[in-house]
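With the hints as extra help, turn the sequences into a complete structure.
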Amino acid sequence: MSLVVSPSKVFRVAEVILEGGIAFAPTDTIYGLLANALDRRAVERLFAIRRPSGRPFLLLIPQEDWIEELGLIIGPRQRKLLSLGITLVIPKRTSVPLYLTRGRKSLAVRLPSSTAGFIRDLLKVVGVPLVAPSANPEGLKPATSVKEGMAYFGRRVNIYVDAGKIVGKPSTIVRLIGYRSVRLVREGNVPFREVLRFLSS
1 MSLVVSPSKV FRVAEVILEG GIAFAPTDTI YGLLANALDR RAVERLFAIR RPSGRPFLLL
61 IPQEDWIEEL GLIIGPRQRK LLSLGITLVI PKRTSVPLYL TRGRKSLAVR LPSSTAGFIR
121 DLLKVVGVPL VAPSANPEGL KPATSVKEGM AYFGRRVNIY VDAGKIVGKP STIVRLIGYR
181 SVRLVREGNV PFREVLRFLS S
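1 is the number of the first residue of the sequence shown in full-length UniProt numbering; add one for each residue after it.
Worth flagging that the hints you see were computed from the coordinates, not collected in a lab. Incorrect hints may have been included.
Once the Cα atoms are required to be at most 30 Å apart in a straight line, the calculated DSS-like pairs of lysine-lysine come out as [claimed, not checked]:
| # | residue 1 | residue 2 |
| --- | --- | --- |
| 1 | Lys169 | Lys141 |
| 2 | Lys92 | Lys124 |
| 3 | Lys147 | Lys165 |
| 4 | Lys169 | Lys80 |
| 5 | Lys9 | Lys165 |
| 6 | Lys124 | Lys80 |
| 7 | Lys105 | Lys169 |
| 8 | Lys92 | Lys80 |
| 9 | Lys124 | Lys147 |
| 10 | Lys165 | Lys141 |
| 11 | Lys92 | Lys105 |
| 12 | Lys124 | Lys105 |
| 13 | Lys9 | Lys105 |
| 14 | Lys9 | Lys169 |
| 15 | Lys169 | Lys124 |
| 16 | Lys147 | Lys169 |
| 17 | Lys92 | Lys9 |
| 18 | Lys141 | Lys124 |
| 19 | Lys9 | Lys124 |
| 20 | Lys80 | Lys105 |
| 21 | Lys165 | Lys124 |
| 22 | Lys105 | Lys141 |
| 23 | Lys141 | Lys9 |
Written out as structure tokens, the structure is:
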């Protein structure tokens with residue numbers, strides 16, 4: 001049977017994830033499904049229940065130096081964008097595991113903003129990147145509550161974190177071009193004009 005806990009139970013959620021489980025929990029934008037990105041078995045299990053199409057998942061990272069740990073290529077100016085809490089699609093080196101990239105030449109990564117509360121605390125405790133797709137089966141709307149999440153996933157998710165109803169904007173996504181510029185993929189929580197202004201400052 002799946003557990004339902006409050007956001008105060010960060011250590012319990014971390015324990016489940018580090019044991020290979022999947023969590024339904026609030027991120028810095030909307031509810032997401034979380035698994036240890038360094039645990040291939042957990043990631044493959046999440047692909048099976050969330051995205052059979054095989055497209056790669058977003059990674060949430062605990063701190064900036066995971067960019068290098070993951071073998072991603074980013075310019076100094078582009079690196080500043082991590083502080084905006086937006087998703088960066090970053091070119092990868094050949095060392096990045098195939099189970100994360102699904103054959104793509106880049107990986108989507110986000111460092112949640114310092115005001116993100118639960119997800120920042122969770123990342124600090126687990127100390128590893130988390131794969132973090134939105135909490136919905138492919139083609140359906142993201143769950144805005146634990147009730148909706150349970151209707152989608154039931155016991156296939158090991159632990160649910162109930163932070164009430166969350167109806168937020170998904171993150172803005174930009175693709176890094178070379179070492180200095182970016183291209184908009186999706187506008188979300190941060191206007192693209194603000195991204196460009198920040199990049200040129």
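Open item on the list: Hint check: Lys124 vs Lys105, CA-CA at most 30 Å. Holds or violated?
Closed with: Measuring from Cα to Cα gives roughly 28 Å; hence the hint holds.
TODO: Starting from Lys92, check that the Cα of Lys105 is at most 30 Å away, please.
DONE: Status holds; Cα separation ~6 Å.
Open item on the list: Lys147 and Lys169 were given as a pair; does the straight-line alpha-carbon distance stay at or below 30 Å?
Closed with: Given that 30 Å is the threshold and the Cα spacing comes to 20 Å, the pair holds.
- [ ] Compare the distance between the alpha carbons of Lys165 and Lys141 with 30 Å, and conclude whether the hinted pair is satisfied.
- [x] holds, 14 Å
Open item on the list: Hint check: Lys9 vs Lys165, CA-CA at most 30 Å. Holds or violated?
Closed with: holds, 18 Å
Task: Pairwise hint evaluation, Lys80 against Lys92, where the allowed Cα distance is 30 Å at most - done: Holds. Lys92 to Lys80 sits at ~18 Å (cutoff 30 Å).
TODO: Quickly compare the C-alpha distance for Lys169 and Lys141 to 30 Å and report which way the hint goes.
DONE: holds, 12 Å
Open item on the list: Against the 30 Å threshold, does the CA-CA distance of Lys92 and Lys124 hold or violate the hint?
Closed with: holds, 24 Å
- [ ] Please work out if Lys9 and Lys105 have their alpha carbons no farther apart than 30 Å.
- [x] Outside the cut-off at roughly 36 Å; violated.
Open item on the list: What's the verdict on Lys124 and Lys80, does the C-alpha distance respect the 30 Å limit or exceed it?
Closed with: holds, 20 Å
TODO: Compare the distance between the alpha carbons of Lys92 and Lys9 with 30 Å, and conclude whether the hinted pair is satisfied.
DONE: violated, 34 Å
TODO: Quickly compare the C-alpha distance for Lys9 and Lys169 to 30 Å and report which way the hint goes.
DONE: The hint holds at about 25 Å.
The structure fails to meet hints 13, 17 from the earlier list, while all remaining hints are met.
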